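Full structure from sequences and hints, please.
The chain contents come next:
2 protein chains.
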Amino acid sequence: MSTETEAPVVVSVDLGARSYDIVIGPAILGSAGVEIARRIPGTRAAIVTDANVAAAHLRTLRDALSAAGIGHEVVTIAPGEKSKSFATLQDTVDAILAARLERGDTVIALGGGVVGDLAGFAAAIVRRGMNFVQAPTSLLAQVDSSVGGKTGINTGHGKNLVGVFHQPRLVLADTAALDTLPPREFRAGYAEMAKYGLIDRPEFFAWLENNWKDIFAGGAARVEAIARSCRAKADVVARDEHEVGDRALLNLGHTFGHALEAATCYDSARLVHGEGVAIGMALAHRFSARLNLASPDDAERVEAHLREVGLPTRLSDVPGGLPDAEALLAYIAQDKKVARGALTFILTRGIGQAFIAKDVPISQVLSFLEENLAP
Amino acid sequence: MSTETEAPVVVSVDLGARSYDIVIGPAILGSAGVEIARRIPGTRAAIVTDANVAAAHLRTLRDALSAAGIGHEVVTIAPGEKSKSFATLQDTVDAILAARLERGDTVIALGGGVVGDLAGFAAAIVRRGMNFVQAPTSLLAQVDSSVGGKTGINTGHGKNLVGVFHQPRLVLADTAALDTLPPREFRAGYAEMAKYGLIDRPEFFAWLENNWKDIFAGGAARVEAIARSCRAKADVVARDEHEVGDRALLNLGHTFGHALEAATCYDSARLVHGEGVAIGMALAHRFSARLNLASPDDAERVEAHLREVGLPTRLSDVPGGLPDAEALLAYIAQDKKVARGALTFILTRGIGQAFIAKDVPISQVLSFLEENLAP
Numbered sequence: 001m002s003t004e005t006e007a008p009v010v011v012s013v014d015l016g017a018r019s020y021d022i023v024i025g026p027a028i029l030g031s032a033g034v035e036i037a038r039r040i041p042g043t044r045a046a047i048v049t050d051a052n053v054a055a056a057h058l059r060t061l062r063d064a065l066s067a068a069g070i071g072h073e074v075v076t077i078a079p080g081e082k083s084k085s086f087a088t089l090q091d092t093v094d095a096i097l098a099a100r101l102e103r104g105d106t107v108i109a110l111g112g113g114v115v116g117d118l119a120g121f122a123a124a125i126v127r128r129g130m131n132f133v134q135a136p137t138s139l140l141a142q143v144d145s146s147v148g149g150k151t152g153i154n155t156g157h158g159k160n161l162v163g164v165f166h167q168p169r170l171v172l173a174d175t176a177a178l179d180t181l182p183p184r185e186f187r188a189g190y191a192e193m194a195k196y197g198l199i200d201r202p203e204f205f206a207w208l209e210n211n212w213k214d215i216f217a218g219g220a221a222r223v224e225a226i227a228r229s230c231r232a233k234a235d236v237v238a239r240d241e242h243e244v245g246d247r248a249l250l251n252l253g254h255t256f257g258h259a260l261e262a263a264t265c266y267d268s269a270r271l272v273h274g275e276g277v278a279i280g281m282a283l284a285h286r287f288s289a290r291l292n293l294a295s296p297d298d299a300e301r302v303e304a305h306l307r308e309v310g311l312p313t314r315l316s317d318v319p320g321g322l323p324d325a326e327a328l329l330a331y332i333a334q335d336k337k338v339a340r341g342a343l344t345f346i347l348t349r350g351i352g353q354a355f356i357a358k359d360v361p362i363s364q365v366l367s368f369l370e371e372n373l374a375p
Numbered sequence: 001m002s003t004e005t006e007a008p009v010v011v012s013v014d015l016g017a018r019s020y021d022i023v024i025g026p027a028i029l030g031s032a033g034v035e036i037a038r039r040i041p042g043t044r045a046a047i048v049t050d051a052n053v054a055a056a057h058l059r060t061l062r063d064a065l066s067a068a069g070i071g072h073e074v075v076t077i078a079p080g081e082k083s084k085s086f087a088t089l090q091d092t093v094d095a096i097l098a099a100r101l102e103r104g105d106t107v108i109a110l111g112g113g114v115v116g117d118l119a120g121f122a123a124a125i126v127r128r129g130m131n132f133v134q135a136p137t138s139l140l141a142q143v144d145s146s147v148g149g150k151t152g153i154n155t156g157h158g159k160n161l162v163g164v165f166h167q168p169r170l171v172l173a174d175t176a177a178l179d180t181l182p183p184r185e186f187r188a189g190y191a192e193m194a195k196y197g198l199i200d201r202p203e204f205f206a207w208l209e210n211n212w213k214d215i216f217a218g219g220a221a222r223v224e225a226i227a228r229s230c231r232a233k234a235d236v237v238a239r240d241e242h243e244v245g246d247r248a249l250l251n252l253g254h255t256f257g258h259a260l261e262a263a264t265c266y267d268s269a270r271l272v273h274g275e276g277v278a279i280g281m282a283l284a285h286r287f288s289a290r291l292n293l294a295s296p297d298d299a300e301r302v303e304a305h306l307r308e309v310g311l312p313t314r315l316s317d318v319p320g321g322l323p324d325a326e327a328l329l330a331y332i333a334q335d336k337k338v339a340r341g342a343l344t345f346i347l348t349r350g351i352g353q354a355f356i357a358k359d360v361p362i363s364q365v366l367s368f369l370e371e372n373l374a375p
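In order, the protein sequences belong to chains A and B.
Be aware that the first sequence starts at 1, since it is given in full-length UniProt numbering, and climbs by one per residue.
Be aware that the second sequence starts at 1, since it is given in full-length UniProt numbering, and climbs by one per residue.
Watch out, some of these pointers could steer you wrong.
No copy is singled out in the list; a pair is fine if it fits within one copy or between any two copies.
[Stated by the list, open to error] Computed list of lysine to any residue pairs in SDA-like fashion (alpha-carbon distance at most 20 Å, straight line):
1. Lys358 with Gly42
2. Lys159 with Gln90
3. Lys159 with Gly30
4. Lys159 with Ala98
5. Lys159 with Ala95
6. Lys82 with Asp94
7. Lys358 with Pro41
8. Lys159 with Ile362
9. Lys159 with Asp94
10. Lys358 with Thr344
FYI, nobody ran anything at the bench for these hints, they're computed from the structure.
What you are looking at is a predicted structure, and each value in this text was computed from that prediction instead of being measured.
Following this line, the structure appears as structure tokens:
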């Protein structure tokens, strides 16, 4: 991976016949038509996007497709997590069918995680599977949700409980598109980036500690950081595409994080996903120290770095208060990483040494939560 | 395959890690608990069924599950094709989530093709994929829709345009359950059975010509005929799971058939799927003879056998009249087996010699339809 030039960096996800490239670089959206036509000759496309992203980036993508001779329609959904619903899924599916797209045609997701998860699910189920291309425009989507094939929607029973695995044919991560992100949203994506270091790449976490300002400022370190994150995720996905084993490591910080998102009613004014993950990762490290699995020094180092970039790390950082420990535990138990009633957590032996802990005693989770909720 | 005893016959579908058994026999539903527990130890289950099937077979299945210690909930949908909708899918998904089933648990479809297609789709998307078991109670479902992993629902744009491939872990075909089927529905399933002979097993078609009465009467030939049909389908599915090639042969009779179903508004009082397929197969053979690909004698032999068992074979057999040739062609073009604007048909060089014909000229289809619509 070069950080010397503006040439795009390509990270390959190795999944046999379903392998694909993640092409990362500033202004890569302007090359979308060429990149897609090279991989899916003769395709037509449906762009799924939301109104906010459309205002900033749709023109660029449409021009790029037209220049490459790719006929296309646009499906615009409402911005926000509420669009990850059966109703919006049905609308999107109907719009794709109304455009008379065929099995060999392509759905392009232009936007953040919500657009990607919804559009990918629609691509997976129209005609039992169309081609899918991700053009993520948020940092979270570029380093996490656009890679690995998870798609889905939310239901009243919880987030992402309905969906399928459907790998994209191509991911186009335009790093310049991140310049327009609100700082809070950029930070939230950064939490997932730090996660890869914490799972099994301690040298990457150390590099982030030294380079985070350049990443936020949009310097050469940004492309490198995104590429290294995608490489980390691609390696895990290639090992365990359908999350029957190792892939669960990517849930570091997510079991606590999802519970906090649920407890705040997915109200992004209070907590966004990456913030939940940041608190969750800090808690996972503290919990591991509490269980004498890891040194408290590592937990403090993790917390210090996350706080330095402006991320929350404590339950008391969640504005508006939280329910009690029992209620938080109930949210954790409804999370989909529950196997046969036992609680599964991603714990750690130190920075870069995360592991899957099955059968974590509920009583210990409960008392840990009680301690952390205490004023 | 034995026809001498009442012991169940097992047909294996070879799909590597996703291989599964089709267990065929009278009263096999009474062994469902044992068969499932052996393959998916510790599972809990949601039975998806419709009110009609529940009245006839739900007690048997529930008792079998309980005897094997499999805790379960029941989700009952309205009988009929209208249940293959987004609304019923959402209700079914919600019911499975409300039962707090986990990823390792099982959705069991007890019913015909509608229940199987809907329940399989729900199983595929809840928690990105639960275990799925088919307990087909119609002949059509036993010899066709329960095998091969196609799941889906209908939309205003057409039938089965939304869905995924999700292979079952087990298929339990209770041949005695067919005793309660209305004769018209049994005949409709028989059309799919005859299809396997017409595709590439001329000796099976000849055997059906000699044994159909025993199959209808429920004799030993019934189990054998269902097993041979499942074997035929399993072979095609194993070669081409996701229908990128050979599997399209299974659409023999279906391109015309789907158009007729659409033209009659999926009104089962006028035409059920298997009847559409019977007419479609007769048309495909006549069309092939008309194109000088096959002998007209074969087309006559196919028509004679289908008429002998009581199936329709001509456009004029559809009660209530049909739209004109142009309109039928439009239904054909919306069918999902259209690739890049060219019409793809399954044609034949004679009984047991079907092949995939791409780029069939629209003008020839149109004039053939006009001839067949003429009084």
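**Study point:** Hints the structure fails to honour
**Key:** Hint check: 3, 8 fail, others pass.
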